[in-house]
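Chemist: For the sequence shown, position 14 matches number 18 in the working numbering, and the numbering has no gaps at all.
If you're looking for bench data, these hints aren't it; they were derived computationally from the structure.
Hints are supplied without guarantee of correctness; some may be wrong.
Claimed, not checked - Here are the simulated DSS-like pairs of lysine-lysine, each with C-alpha atoms no more than 25 Å apart in a straight line:
hint: 1; residue 1: 98; residue 2: 147
hint: 2; residue 1: 85; residue 2: 390
hint: 3; residue 1: 291; residue 2: 382
hint: 4; residue 1: 276; residue 2: 262
hint: 5; residue 1: 376; residue 2: 417
hint: 6; residue 1: 205; residue 2: 127
hint: 7; residue 1: 163; residue 2: 98
hint: 8; residue 1: 155; residue 2: 417
hint: 9; residue 1: 264; residue 2: 220
hint: 10; residue 1: 376; residue 2: 81
hint: 11; residue 1: 147; residue 2: 173
hint: 12; residue 1: 156; residue 2: 176
hint: 13; residue 1: 376; residue 2: 283
hint: 14; residue 1: 376; residue 2: 276
hint: 15; residue 1: 390; residue 2: 371
hint: 16; residue 1: 176; residue 2: 127
hint: 17; residue 1: 147; residue 2: 176
hint: 18; residue 1: 163; residue 2: 127
hint: 19; residue 1: 147; residue 2: 291
hint: 20; residue 1: 18; residue 2: 59
hint: 21; residue 1: 291; residue 2: 417
hint: 22; residue 1: 291; residue 2: 98
hint: 23; residue 1: 127; residue 2: 173
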Amino acid sequence: MNCNELHKDIEAIKSSRSILRERYNHMNKTGVSGKTDFVESRIATEKLADEILEKYLSDFAEKNPELFNWRPSHEIKLKEKAVFSININNNNGKIIVGQPGSITEVSTTKNGQYEVSTFDTYKEWDIIPMPQINVLTMFSTNKMILGDGYKKEISVCEKDAIEKWNLVKTIKRLNNEEGENCSPHTAIELPNERILIGGDKGMLNICGRDLFGRWKILEVIPGLRDEDGRLSSVKCFYSLSNDDVLIGGSRIIYRCSKNKNTGKWELSNERKTFFNDDKDHYVEDIKTMPNGNILICTDKTIYEGKYNNENNFEQIGVYGEEFYYYGIEDGQRGEYFRKVLPISNDSIIVLSKNTAYDTTSLHELKKDDNGKWFIAQKIGYFDREKDENGNIIAENEVEDIVESANGSFIMAKRGALVEYIRRPGSVEELKDNLDKIIEQGET
Numbered sequence: 005m006n007c008n009e010l011h012k013d014i015e016a017i018k019s020s021r022s023i024l025r026e027r028y029n030h031m032n033k034t035g036v037s038g039k040t041d042f043v044e045s046r047i048a049t050e051k052l053a054d055e056i057l058e059k060y061l062s063d064f065a066e067k068n069p070e071l072f073n074w075r076p077s078h079e080i081k082l083k084e085k086a087v088f089s090i091n092i093n094n095n096n097g098k099i100i101v102g103q104p105g106s107i108t109e110v111s112t113t114k115n116g117q118y119e120v121s122t123f124d125t126y127k128e129w130d131i132i133p134m135p136q137i138n139v140l141t142m143f144s145t146n147k148m149i150l151g152d153g154y155k156k157e158i159s160v161c162e163k164d165a166i167e168k169w170n171l172v173k174t175i176k177r178l179n180n181e182e183g184e185n186c187s188p189h190t191a192i193e194l195p196n197e198r199i200l201i202g203g204d205k206g207m208l209n210i211c212g213r214d215l216f217g218r219w220k221i222l223e224v225i226p227g228l229r230d231e232d233g234r235l236s237s238v239k240c241f242y243s244l245s246n247d248d249v250l251i252g253g254s255r256i257i258y259r260c261s262k263n264k265n266t267g268k269w270e271l272s273n274e275r276k277t278f279f280n281d282d283k284d285h286y287v288e289d290i291k292t293m294p295n296g297n298i299l300i301c302t303d304k305t306i307y308e309g310k311y312n313n314e315n316n317f318e319q320i321g322v323y324g325e326e327f328y329y330y331g332i333e334d335g336q337r338g339e340y341f342r343k344v345l346p347i348s349n350d351s352i353i354v355l356s357k358n359t360a361y362d363t364t365s366l367h368e369l370k371k372d373d374n375g376k377w378f379i380a381q382k383i384g385y386f387d388r389e390k391d392e393n394g395n396i397i398a399e400n401e402v403e404d405i406v407e408s409a410n411g412s413f414i415m416a417k418r419g420a421l422v423e424y425i426r427r428p429g430s431v432e433e434l435k436d437n438l439d440k441i442i443e444q445g446e447t
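Based on the sequences and whatever the hints tell you, model everything.
Modeler: Written out as structure tokens, the structure reads:
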């Protein structure tokens with residue numbers, strides 16, 4: 005905000021209002037003869053005020069974000085249409101997007117604009133057929149693990165001194181405990197440069213360097229089964245403070261811990277600890293809130309909780325218990341929770357999908373004064389657009405959401421990334437909140 009410019013605008017408003025008062029007093033003294041001048045002055049003053057408020061819309065929103073709704077700001081076009089993954093590199097703040105045959109990096113320039121750089125892995129690494137790049141995890145500024153669900157393999161790649169990505173090693177034959185080759189879905193870093201890979205049919209592999217420095221599968225962890233004894237697919241990992249890892253997936257939530265005596269990683273079923281019921285819980289996502297609480301996003305319910313001093317999980321709040329079949333129900337529309345993104349201790353963004361009906365939506369949930377979660381805003385619906393013959397003409401389905409700078413967030417949809425920020429949609433909305441803004445400013 006330019007303070008000198010702001011002072012000039014304030015003085016202009018004061019001057020306009022002073023003239024308005026003079027003409028109002030003149031009208032009261034002279035009667036009808038001064039009414040025309042007064043009306044003209046009132047219209048001019050209101051117009052000037054609206055123009056000045058319009059000028060500072062973004063500044064008001066930046067300083068008072070909680071008063072306004074989420075609205076799209078920037079749209080970042082991508083080279084390819086399909087998006088397999090979107091990550092934030094916590095070491096440098098870059099957004100990393102996995103697409104067919106390419107890695108796209110999005111960075112923020114000094115003037116707040118987005119700069120897009122695409123690395124063509126298909127061409128540079130001469131891989132046939134074209135790899136389906138899914139960035140599973142970043143574990144340094146210049147190193148990441150890629151997954152290819154089609155070929156059921158992972159790749160370790162590193163960036164060199166000239167900022168070029170190089171393929172270090174491709175690890176094939178990711179296996180579950182029955183020896184079946186499985187597609188990778190997610191990964192997380194373990195101590196000593198080890199990587200835990202999770203995927204289809206109970207596949208849990210630890211990859212790292214052997215004694216000769218070669219990347220390979222070091223350990224296959226068995227036992228990832230649901231209540232009926234079936235091998236369960238892995239959807240997400242969550243790192244705990246003691247190097248243990250929570251594993252969420254189809255009808256499961258497990259803890260993975262390293263046995264100090266044997267050095268082997270072992271599983272313990274945490275279902276009763278977190279849910280303590282007989283319902284089917286398809287764990288889709290696990291995130292940390294700013295206050296350290298944990299959000300566990302299942303297909304129909306979102307749980308908030310924390311570990312107490314006895315290292316037991318204590319459930320604090322739940323959203324979705326009132327619905328029987330879906331996570332989000334809006335009239336005839338029903339969708340399942342897929343991703344959750346904490347914005348603050350009292351605000352989270354939820355991505356919901358129903359792949360059977362090709363529907364996707366974003367909602368903001370907030371806490372009321374009693375600590376109960378409720379839908380604060382329907383941010384948007386992103387269904388596939390069809391023509392009169394039922395043919396798909398636009399793929400608008402949202403794939404994922406990640407946190408961005410300044411409390412905003414980025415959603416990945418087909419062919420683009422879209423930044424959402426809190427801002428007033430009009431001067432009228434700003435006026436509705438002006439008293440609160442002034443009160444907060446005085447405080």
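Chemist: It remains to establish, for every hint, whether it holds in the given structure.
Modeler: Here is how each hint holds up against the structure:
Distance hint between residue 98 and residue 147 is fulfilled; the C-alpha atoms sit about 13 Å from each other, no more than 25 Å. Taking the CA atoms of residue 85 and residue 390, the gap is near 17 Å; set against the 25 Å cutoff, the hint holds. Distance check on the hinted pair: residue 291 and residue 382 sit about 21 Å apart at the alpha-carbon level, within 25 Å; holds. Between residue 276 and residue 262 the alpha-carbon distance is near 21 Å, which keeps this suggested pair within the 25 Å criterion.
For the suggested pair residue 376 and residue 417, the alpha carbons sit about 30 Å apart, so the restraint of at most 25 Å is broken. Between residue 205 and residue 127 the CA atoms are separated by roughly 32 Å; this puts the pair beyond 25 Å, and the hint is violated. As the CA atoms of residue 163 and residue 98 are separated by approximately 14 Å, the hinted pair is consistent with the 25 Å bound. At most 25 Å may separate the alpha-carbon atoms for a hinted pair to count; residue 155 and residue 417 meet this at roughly 24 Å.
Using a Cα cut-off of 25 Å, the hinted pair residue 264 and residue 220 holds, with the two alpha carbons roughly 23 Å apart. Using a Cα cut-off of 25 Å, the hinted pair residue 376 and residue 81 is violated, with the two alpha carbons roughly 38 Å apart. Taking the CA atoms of residue 147 and residue 173, the gap is about 12 Å. The hint holds against a cut of 25 Å. Of the supplied pair hints, the one linking residue 156 and residue 176 holds, its CA atoms being roughly 7 Å apart against a limit of 25 Å.
For the given pair, residue 376 sits about 22 Å from residue 283 by alpha-carbon distance, which is consistent with the 25 Å threshold. A C-alpha spacing of about 23 Å is found between residue 376 and residue 276, which places the hinted pair at or below 25 Å, so the restraint holds. Proximity of residue 390 to residue 371 is assessed by CA-CA distance (about 37 Å); at most 25 Å being required, the pair is judged violated. Taking the CA atoms of residue 176 and residue 127, the gap is about 21 Å. The hint holds against a cut of 25 Å.
Between residue 147 and residue 176, the direct Cα distance comes to roughly 19 Å. Compliance with the 25 Å bound is thereby established for this hinted pair. Our distance criterion of 25 Å between C-alpha atoms is met by residue 163 and residue 127, whose separation comes to about 16 Å. Taking the CA atoms of residue 147 and residue 291, the gap is near 23 Å; set against the 25 Å cutoff, the hint holds. Only pairs whose Cα atoms come within 25 Å are accepted, and residue 18 paired with residue 59 is accepted, the gap being roughly 17 Å.
In summary, the hint linking residue 291 to residue 417 is supported, as the alpha carbons are separated by about 21 Å, within the 25 Å threshold. Distance hint between residue 291 and residue 98 is fulfilled; the C-alpha atoms sit about 19 Å from each other, no more than 25 Å. In summary, the hint linking residue 127 to residue 173 is supported, as the alpha carbons are separated by about 17 Å, within the 25 Å threshold.
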